[in-house]
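**Student:** Now for the letters of each chain:
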Amino acid sequence: MAQPSGRVTYDFVTRTIARTLGNPGKGYFLLLGAAVTLLAIGIICLLYLLRYGLGLAGYSHPVYWAVFITCFVFWVGIAHSGTLISAILFLFRSGWRTAIYRTAEAMTVFAVMTAALFPLIHIGRQWYFYWTLPYPNERGLWPNFKSPLIWDEFAIGTYFTVSTVFLILGLVPDIAAVRDVASGWRKKLYQLTALGWRGTNEEWRHFTRGYLYLAALATPLVLSVHSVVSWDFAMAIVPGWHATIFAPYFVAGAIYSGCAMVISLLVPIRKLFHLEELITAHHFENLAKLCLLTGSIVGYAYLCEYFVAWFGGNAHERAAFWYRAFGPFWWATWTMIICNAFLPQLLWFKKIRTNITGLFVISIFVNVGMWFERFVIIVVSLAGEPFERWSNATYNPTWADWGIMAGSFGWFFMWFLLFVKNFPAVSITEVKEVLPPPTKGRPAEAHAR
Amino acid sequence: MSEHRLPLRLPGPLHDLFRPPPTPGVLGVFAHLDATVDAIQRLQAGAYQSLTVYSPVPRHELEDVLAQPVSPVRMWTLIGGIAGCAFGAWLTLYMSYDWPIVVGGKPIGSIPPYVVIMFEMTVLFGALSTIIGILFNAAHAARRLGTIAWDPRFTNDKFGVFVPCGADKAGAVEKLLLGAGAEEVRRA
Chain A
1 MAQPSGRVTY
11 DFVTRTIART
21 LGNPGKGYFL
31 LLGAAVTLLA
41 IGIICLLYLL
51 RYGLGLAGYS
61 HPVYWAVFIT
71 CFVFWVGIAH
81 SGTLISAILF
91 LFRSGWRTAI
101 YRTAEAMTVF
111 AVMTAALFPL
121 IHIGRQWYFY
131 WTLPYPNERG
141 LWPNFKSPLI
151 WDEFAIGTYF
161 TVSTVFLILG
171 LVPDIAAVRD
181 VASGWRKKLY
191 QLTALGWRGT
201 NEEWRHFTRG
211 YLYLAALATP
221 LVLSVHSVVS
231 WDFAMAIVPG
241 WHATIFAPYF
251 VAGAIYSGCA
261 MVISLLVPIR
271 KLFHLEELIT
281 AHHFENLAKL
291 CLLTGSIVGY
301 AYLCEYFVAW
311 FGGNAHERAA
321 FWYRAFGPFW
331 WATWTMIICN
341 AFLPQLLWFK
351 KIRTNITGLF
361 VISIFVNVGM
371 WFERFVIIVV
381 SLAGEPFERW
391 SNATYNPTWA
401 DWGIMAGSFG
411 WFFMWFLLFV
421 KNFPAVSITE
431 VKEVLPPPTK
441 GRPAEAHAR
Chain B
1 MSEHRLPLRL
11 PGPLHDLFRP
21 PPTPGVLGVF
31 AHLDATVDAI
41 QRLQAGAYQS
51 LTVYSPVPRH
61 ELEDVLAQPV
71 SPVRMWTLIG
81 GIAGCAFGAW
91 LTLYMSYDWP
101 IVVGGKPIGS
111 IPPYVVIMFE
121 MTVLFGALST
131 IIGILFNAAH
141 AARRLGTIAW
151 DPRFTNDKFG
161 VFVPCGADKA
171 GAVEKLLLGA
181 GAEEVRRA
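Protein sequence lines correspond, in order, to chains A and B.
Quick note: the first sequence, position 237, residue 237 per my numbering, numbers continuous.
Quick note: the second sequence, position 80, residue 80 per my numbering, numbers continuous.
To be clear, the hints were calculated from the coordinates, so they are not data collected in a lab.
Where hints are given, some of them may not hold.
As the list claims (entries may be wrong) - Cut-off 30 Å, straight-line C-alpha distance, at most; resulting in silico cross-link-like pairs (BS3-like, lysine-lysine): (1) A:Lys271 x A:Lys421; (2) A:Lys440 x B:Lys106; (3) B:Lys106 x A:Lys289; (4) A:Lys187 x A:Lys289; (5) A:Lys188 x A:Lys26; (6) A:Lys271 x A:Lys146; (7) A:Lys271 x A:Lys26; (8) A:Lys187 x A:Lys271; (9) A:Lys146 x B:Lys106.
So here's chain B without its partners, still in its complex pose (with noise of 0.2 Å):
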């Protein structure tokens, strides 16, 4: 597996942390949607969990099927947008009165004015915070699934879905992999 890792070489130590043993499990490749779907119901049914499921594109049934939470980069995205328009206030009155210069008659804290930079830094802060958000959660899930197989196909044209199991399990997994309609099935 991780055919798109490059190849480094790490310390001992290290290579333990970051590039642990693979899961035991078996992985399924699909070529088509509606199997791929009803595998999964088929492995829920059998009370298999933490399944992953890979794909070309993101697909409502698969959303569905699988049920999953609501993702958490929405209050990252709440955050740093408050956070940012709370800074453009800070940035601005405090600048004004820390070099109080009546210009244009106006009050030295003039706040239609500051809106604009508000507003600019609501959407620097909320944009950049997104992008942290989706990084961490991301590679947060990646280095919760960075030891299970996968394969380059599961890019460009196929579905995957891999079962952790141990080696007791694996030849009923495979089965009912096939019975859905796997179009290749192997352990890792």
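Only chain A is shown next, with the shape it has when bound in the complex (with noise of 0.2 Å):
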């Protein structure tokens, strides 16, 4: 953490994150509204959905995979910079981390819960999405482990067990340090999910080692989850997605996403639980450079891929980037080049990097880039296939599309308000940790574990 004042003490910690699961005030709940609101919209169009069929979405002849599919990847993508600062910093000794990684790791549960809806709504016939599972039947079928759909199933499915278990095990020293200072009906939730913590050194012992554990578990999970969400599209021969580049392409992008999502709610959490204090402009500036360094890949990725098509010399492969950029789907592809590889540039300038409102902005323009990079390419890349020139293709998503994605967003975020206000949005341990602990004699260094 970035030199704490005098005043942060274990004591004026503890405090200051129990006070959040106080009452928020008329912000939170405003917030809170919104999102409730957004969802309802989505169950309302999905529940249309499912009573019309798939034929109200927008859904036309090549394009098959569209928004429910953007939608998918984005919210995937959006999960895992969650890990990379819970895990890959955590290993790495980042004691910068300590104040934002629970904020980041519920976002990562809450996006891959809002990820996981859209396959779902994307087969039809939901009913049946037990099909996907390997279950024995009376046909005596298995799913096809050959196939990326069936690999992507099982890296969703791992990656949502091992991050709310991470989670979970981190929130216990802090539901116990809670539990010590609250009151009425709040007290005895946080006995119940505190698992008995007394913080013996016997406990210590274990958690400590079973969470390095965990963490070194968890990181090659982050780099292989989306590696595996992109081999659903380089494993397929449309031009556009059968590229080699693709999963170090995927894996900096959704970190990329992730991190300016990390901002995104950090910024609005911070002002309405008043913890400037904890969560200041150096744990911001952190993850702008994070931004920074990850945008630049995103960036040199997009020149790789224009490069590849051009130097190549695949007539088809030429065509798909062509009609990208200057295509009938132009304006999709420039606000993606323009959020993603462009404004971000901005933050090699320290100014900007703290500047928190301005950071906010940046970070809202990558989110929104960040969800057309997905749009572009499957949507565009499906839209422009060579092979089916002759089908004269279009897209254009339906109400029943902008709905359901408005919905996924309300899921989101009402999630992730109800995690912040009702359990610690920053680790307790891990901020008293980075703080030089109480002596009478020398001062004892911090560390972080």
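Got two chains here, each in a separate frame; can you build the complex from them with the hints?
**Tutor:** Here's what the structure looks like:
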């Protein structure tokens, strides 16, 4: 953490974070109300879709992967920076992560929960979703494990489970801390969820070791999940999809969009819950540096794609990329390029990296740009597929597409807001760890686990 | 003690099993880390064993002075990971040969794509067995230590040392803890 002031003591940390669990004020309820309204819109659209079928969405040949799959990849991408911050930066002993990793981790879990809805919506007959699972059945059928879609099912399932247990494990000592200063029904809730934690040397011995191994397991998982998602596309021969660069390209993009979403979430949370002394400009600056790094990798990947399309000499590939930049969807492509590759270059300037309002605005543009990146990769590649050019393809999303997409934002923000209101949104234990411990003699050094 | 327990009433025999009587001893409450370390060193020099140390955060100073063995949780992780990898291999190969259809001209049992499933299962089983390992070991310790004195301030900003001892030694332990800098001592 950046230079904590003298008043930031162990007790101050506990009290400040426990205060976030009290009455949050009007701003919080306005945001929650907006989230629930969006969710209601999404549910209504989904009910119509269930009643009248996928024809209500804007699918038209050959664009059969569209807004729902775009949203799926977008939300899986958002999920990535949470585990990056909580696991990878933990292994690198980055002390600055301690004040923000809980928010990022919660964001991960809720983003995967949101992402997982979209393949279900997309399959049309949701009541048959279990057909993709390997279960013994009367026809002796098993899933095709050579299909990237089945890899994805296992990757997302594993990622959700591991992220959730990682979040819950880290929460246990913090819930115990708020349990011991809470009262009323909250105390009972925390008594139940703290699992009897008392902070003994035995508990810490097993906890710290287990947490380390979980971080070590989650680290390759972060890199693998979006690689597997990218192979959903790269294993197909559609021009614009069939590229070996896809795995690192997708992973960098996922971390990029995730970091931008962490900034978008932290700015209002910090303000609403008065966490200015714990979440400082230093944290935002480091997040901005991560955005700059990953955003530059993404920009490089865009260049590579176009260069290879030109230099490779494959007529179909060239046509696909020409269609992207100058075809009917040029506006989507240029929104993506400007928001993701050009705008974040402003983050080279320290003044912008430490200007929280400026960062918030940039993060919103990055979120928009990253949604369009997935739209361009999925929809525009299919619409401009040279093998199918005879079909004179076009694609227009309908109210059902937009409504369900809006609903997914409502679903995500509703869970996130409920979480930050009812559980410690900043890790009490880890923030204390990076403070110098109270001593009566020579001051001891702060350390990160 | 045990203010954090839910007020569940247990039948007689279960009560004796799950709510055993408190362990006699002395609990010292410390405001400072170095005083806690000093107290532990003095207790160890006085041949007091089975100390329980409470802290709001894990600290290397406490780990070093207690010289505890490495947690066995690592074995749970290793065994879980290996089991997961084996399960992933079995799942993919068995199901492929049980329903042998050539896809994309590839062998029925095609290892490279199955590595993805084996990897995911390694991580999944490894992570879940790590959690079970933490819960099992911590619950085992809690069962063993569940009868000793505790203070809710230990999860906030105080450190604590519990010394199990009879009434005959309690006075000497209290004196030792206060001498090391305890701001409060009490008998259990």
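**Student:** Each hint needs a verdict: does it hold in this structure or not?
**Tutor:** How the hints compare with the structure:
As the CA atoms of A:Lys271 and A:Lys421 are separated by approximately 13 Å, the hinted pair is consistent with the 30 Å bound. Restraint check: the Cα-Cα separation between A:Lys440 and B:Lys106 comes to about 70 Å, which exceeds 30 Å; the hinted pair is violated. Between the alpha carbons of B:Lys106 and A:Lys289 the distance comes to roughly 44 Å, so the proposed pair goes past 30 Å and is violated. For the hint linking A:Lys187 to A:Lys289, the alpha-carbon distance of about 39 Å lies beyond 30 Å, and the restraint is violated.
A distance of roughly 26 Å separates the Cα atoms of A:Lys188 and A:Lys26; the hinted pair therefore holds under the 30 Å criterion. With a CA separation close to 48 Å, the supplied pair A:Lys271 and A:Lys146 exceeds the 30 Å bound. Pair hint A:Lys271 plus A:Lys26 holds up; C-alpha atoms about 12 Å apart against a cutoff of 30 Å. Pair hint A:Lys187 plus A:Lys271 holds up; C-alpha atoms about 26 Å apart against a cutoff of 30 Å.
Restraint check: the Cα-Cα separation between A:Lys146 and B:Lys106 comes to about 9 Å, which is no more than 30 Å; the hinted pair holds.
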